[in-house]
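Chains as they are written, first to last, in the numbering used here: chain A, 1 to 190; chain B, 1 to 394; chain C, 1 to 113.
Everything labelled a hint here was simulated from the structure, so no lab data went into it.
There could be a bad hint or two in this list.
Result set (DSS-like, lysine-lysine): computed pairs, CA atoms no more than 27 Å apart in a straight line [claimed, not checked]:
| no. | chain 1 | residue 1 | chain 2 | residue 2 |
| --- | --- | --- | --- | --- |
| 1 | C | K109 | C | K82 |
| 2 | C | K53 | C | K109 |
| 3 | A | K181 | A | K167 |
| 4 | C | K82 | C | K8 |
| 5 | C | K53 | C | K75 |
| 6 | A | K132 | A | K181 |
| 7 | B | K187 | B | K17 |
| 8 | C | K75 | C | K102 |
| 9 | B | K222 | C | K8 |
| 10 | B | K4 | B | K245 |
| 11 | A | K125 | C | K102 |
| 12 | A | K117 | A | K185 |
| 13 | C | K102 | A | K132 |
| 14 | A | K132 | C | K109 |
| 15 | A | K125 | C | K109 |
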Amino acid sequence: MEQVTEIRWHARGGQGAVTAAKMTAEVALSQDKYFQAFPEYGPERSGAPIVAFTRLSDQPIQVYSAIEHPNYVLVLDPTLLDVVDVTAGTGDGAVIIINSEESYDSIAGRPDMTGKKVYTVPATKIALETIKRAIPNTPLIGALAQVSGLFPLDGIVDEVRTSMSKKFSEEVVNANLEAVKRGYKEVSGE
Amino acid sequence: MARKAITGNGAVALALKQVEPDVMSAYPITPQTEIAQNYAQYVADGDVVTEYIPVESEHSAMSAAIGSAAAGARTITATSSQGFALMWEMLFIAASLRLPITMPVVTRALSGPINIHCDHSDSMGGRDCGWIQIYGEDAQEGYDNAIQAFRIAEHMDVRLPVMTMIDGFIISGAIGPLETLADDQVKEFVGDYQAVNPLLDTENPVTVGPFDGLHGWYFEHKVSQNRAMDNAMGVIETVGAEYGKLTGRPYSHFVAHRLEDAEVALVAIGSAAGNAKTVVDQLRRQGQKVGLLKVRTFRPFPARQIAEALAGVQVVGVMDRSDSFGAEGGPLFTELRSALYDSQPRPQMLNFIYGLGGRDIFPGDIEEAVALLERAAAGEAVAQSRHYLNLRED
Amino acid sequence: MSKTSRKKWDYHDIAQWGPGRHELGATIPVSGTADDYDTGGWRSERPLRDREKCNDCMICFFACPDSSVIVEDGKMATIDLKHCKGCGICAQVCPRDAIELKNEIIARKLEEE
Chain A
1 MEQVTEIRWH ARGGQGAVTA AKMTAEVALS QDKYFQAFPE YGPERSGAPI VAFTRLSDQP
61 IQVYSAIEHP NYVLVLDPTL LDVVDVTAGT GDGAVIIINS EESYDSIAGR PDMTGKKVYT
121 VPATKIALET IKRAIPNTPL IGALAQVSGL FPLDGIVDEV RTSMSKKFSE EVVNANLEAV
181 KRGYKEVSGE
Chain B
1 MARKAITGNG AVALALKQVE PDVMSAYPIT PQTEIAQNYA QYVADGDVVT EYIPVESEHS
61 AMSAAIGSAA AGARTITATS SQGFALMWEM LFIAASLRLP ITMPVVTRAL SGPINIHCDH
121 SDSMGGRDCG WIQIYGEDAQ EGYDNAIQAF RIAEHMDVRL PVMTMIDGFI ISGAIGPLET
181 LADDQVKEFV GDYQAVNPLL DTENPVTVGP FDGLHGWYFE HKVSQNRAMD NAMGVIETVG
241 AEYGKLTGRP YSHFVAHRLE DAEVALVAIG SAAGNAKTVV DQLRRQGQKV GLLKVRTFRP
301 FPARQIAEAL AGVQVVGVMD RSDSFGAEGG PLFTELRSAL YDSQPRPQML NFIYGLGGRD
361 IFPGDIEEAV ALLERAAAGE AVAQSRHYLN LRED
Chain C
1 MSKTSRKKWD YHDIAQWGPG RHELGATIPV SGTADDYDTG GWRSERPLRD REKCNDCMIC
61 FFACPDSSVI VEDGKMATID LKHCKGCGIC AQVCPRDAIE LKNEIIARKL EEE
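Okay, chain A solo, but in the shape it has when bound:
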């Protein structure tokens, strides 16, 4: 289990967390790693808090339960911090990456973030400026690549291009690539 990287995504229905969880897993495919991505299935309600999971490993993954003790937690919506216990099950040193335009200290200084490695990235702002919609998933993936070093930025860029080109125009794809790159650059931590 030690060598499995476990990522939990917190978002609201409609913010693209499930897509982000899957894209991250697919990057692992291109790196010949093993991976798993799944949402917590339930009634789909736009705005309702949802959870999605990604597992990455060099070995085949044979555990199919929800992630209890994530190494990384990504929060796509800062309003969730007061609604959901996003740090549930995380140990000391767990990485929490939060989409927020707040000052870093006001987020990292929250009592529930004590002992965690907290990072913030203005993902909604980036999304509005690049893809023109408040879907903060791709900047968060960029931020994850930067903070975790799990995969190179190029890997993510290639994957986003491949997976999005099937469904979207070149303009939309390029906007998302820009969003990933800006998330990679603009994430800030201690």
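Once you've looked at the hints, dock chains B and C against the given chain A.
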């Protein structure tokens, strides 16, 4: 106590009439038709004060019964075969809502090929839908079980629906003797209906059938359903004993017939148990140590008691009137073999499939089965695979 | 909200209930429990009403799927933020554009000021 000549269906309809429930919603289907028809006649003639809901299908029959029971009314229906199959999804809902609906089932084969005759494919297929299942041998048991079903279903420690089976045509259409109780005796035995959280109590609004998602309590509710089944074990015995005091015909989960020193034994359910009993008695007269266990309660399954009753038997032959395709044997067989797994010594077990689609089962067929049990008991190697009685062999 | 016929049913610790504690058949034996369900937690955008533009026409009151538009003395008084999911229907139907949806965090700050 009066004695009369009546069909199995007539006996069951009479029992229902004497209970006089608040609501019956039913759709006629062969071979159950007479139950729905007779009851509709009782209603039309003013013999009973029951709201009779003629529905357009069995799915609706069970749905209406669920609505009626949730509203707070003592509710019945009846069915067979394809009708039972059409009720399927609603059967689970009746049980999980803990509605004490009672339903006579006149057992019949499921298509195809299209066949209207008796076997247990319908009720046995529904053995995991959460209903209590009680099987009767003849019209008398059909009548007695239909009455007791109300007490069992409505018991506050149980609150589960109950289906009582009689064999289609073989029992449902045959005229036999029936000892009946007086109407007031039946009503007194069954007692007044007590609704739990009824929808029609408008002073106390409730929500029936809410959604229970991923982090809800579905699992806990399923466990409480099973606990109710556990409770039903005792309640079925108590009600059966009390009914015995009233009628001289006590009931329990099964009947052990000449099992004391039996070396081989048959286990049967439904009308074939009568055939088997006749054969066992005859073989006993010839000095053969053979016994019979007739199963009455199939859900909850009285595994421990059955294992005790069969202790010491060397070879057990289980007779199934339905098959379970691709399984180790018919539903009664797999249940029995599981029940006897912990027996010391563990008996050898053989499965006899018979009677599908109304294929008759003759005393000679049962003698053949007993002969195979005896050969196995004598040490001959006998295959565990299914044995078929009265099948046209290749 | 009318609670006239609400029976008492203490389910504050229902998250810990085992099989023995539930009502028969999963029935909810009281009414009005939706009131206890904090659908406001789904909200990422908050409706803010411009008192100057609003003429209390009540169209938002009828359109709100969560009955979150609170009316007092025939006037639109406030939004019930415990239940408002931020769906924005009120803003959509308002004939005077008196309701605007604002990012929840920004709105919270605005209201605090």
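Going down the list of hints, with the structure as the test:
1. For the suggested pair K109/C and K82/C, the alpha carbons sit about 17 Å apart, so the restraint of at most 27 Å is met.
2. Simply put, K53/C and K109/C have alpha-carbon atoms about 22 Å apart, close enough for the 27 Å limit, and the pair holds.
3. The suggested pairing of K181/A with K167/A holds, with an alpha-carbon distance near 20 Å, which does not exceed 27 Å.
4. Between K82/C and K8/C, the direct Cα distance comes to roughly 21 Å. Compliance with the 27 Å bound is thereby established for this hinted pair.
5. Straight-line distance between C-alpha atoms of K53/C and K75/C comes to about 13 Å, which keeps the hinted pair within the 27 Å bound.
6. Restraint check for K132/A and K181/A: the C-alpha separation of about 16 Å stays at or below 27 Å, so the hint holds.
7. Pair hint K187/B plus K17/B holds up; C-alpha atoms about 10 Å apart against a cutoff of 27 Å.
8. Distance hint between K75/C and K102/C is fulfilled; the C-alpha atoms sit about 23 Å from each other, no more than 27 Å.
9. The straight-line distance between the Cα atoms of K222/B and K8/C is roughly 25 Å, inside the 27 Å bound, and the hint therefore holds.
10. The straight-line distance between the Cα atoms of K4/B and K245/B is roughly 21 Å, inside the 27 Å bound, and the hint therefore holds.
11. About 14 Å separates the Cα atoms of K125/A and K102/C, which keeps this hinted pair within 27 Å; it holds.
12. Distance hint between K117/A and K185/A is fulfilled; the C-alpha atoms sit about 18 Å from each other, no more than 27 Å.
13. Note on K102/C and K132/A: the hinted pairing holds, with a Cα-Cα distance of about 17 Å set against a maximum of 27 Å.
14. For the suggested pair K132/A and K109/C, the alpha carbons sit about 24 Å apart, so the restraint of at most 27 Å is met.
15. Between the alpha carbons of K125/A and K109/C the distance comes to roughly 18 Å, so the proposed pair stays at or under 27 Å and holds.
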